[in-house]
Amino acid sequence: MAGTIGGFNAHAANMVTAVFLATGQDPAQNVESSNCITLLEATEDGDLHISCTMPSLEVGTVGGGTTLPAQAACLKAMGCQGGDRENPGANAQRLA
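The sequence shown runs 62 to 157 under the numbering used here.
Heads up, some of the hints might be wrong.
What the hints assert, rightly or not - Pair ranges (Cβ atoms, derived):
1) 123 <-> 76: 18 to 28 angstroms
2) 83 <-> 111: 21 to 31 angstroms
3) 146 <-> 102: 35 to 45 angstroms
4) 116 <-> 144: 34 to 44 angstroms
5) 88 <-> 114: 13 to 23 angstroms
6) 138 <-> 114: 20 to 30 angstroms
7) 130 <-> 106: 24 to 34 angstroms
8) 105 <-> 128: 40 to 50 angstroms
9) 82 <-> 148: 22 to 32 angstroms
10) 104 <-> 131: 37 to 47 angstroms
11) 104 <-> 137: 28 to 38 angstroms
12) 109 <-> 131: 14 to 24 angstroms
13) 128 <-> 103: 43 to 53 angstroms
Just so you know, these hints were derived from the structure itself, not from any lab.
Positions of the beta carbon are idealized from the N, C-alpha and C atoms, including for glycine.
Generate coordinates for the entire structure from the input sequences, incorporating the hints supplied.
Okay, structure coming up:
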């Protein structure tokens, strides 16, 4: 969390880039895709609920590096390799 207690400055770039490299995404897109909002809220039970919203995550499951063997295997293991002919964009949404 980069020394923050929530807000707009959580440091997600390293994690996003690691996932991008593993799944054949364009690592140059990590600047836009690493934008995130972190919220910390106390629950009624006294627990801490932490959420991270990433409104501009750019991913794809077809073309480019997604066809490389290791990256394709990673996408397949997550159940989102390739395109979905019945529901275009569903695999990219699942990856995001």
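Exercise. Which numbered hints turn out to be false for this structure?
Worked result: 4, 7, 12
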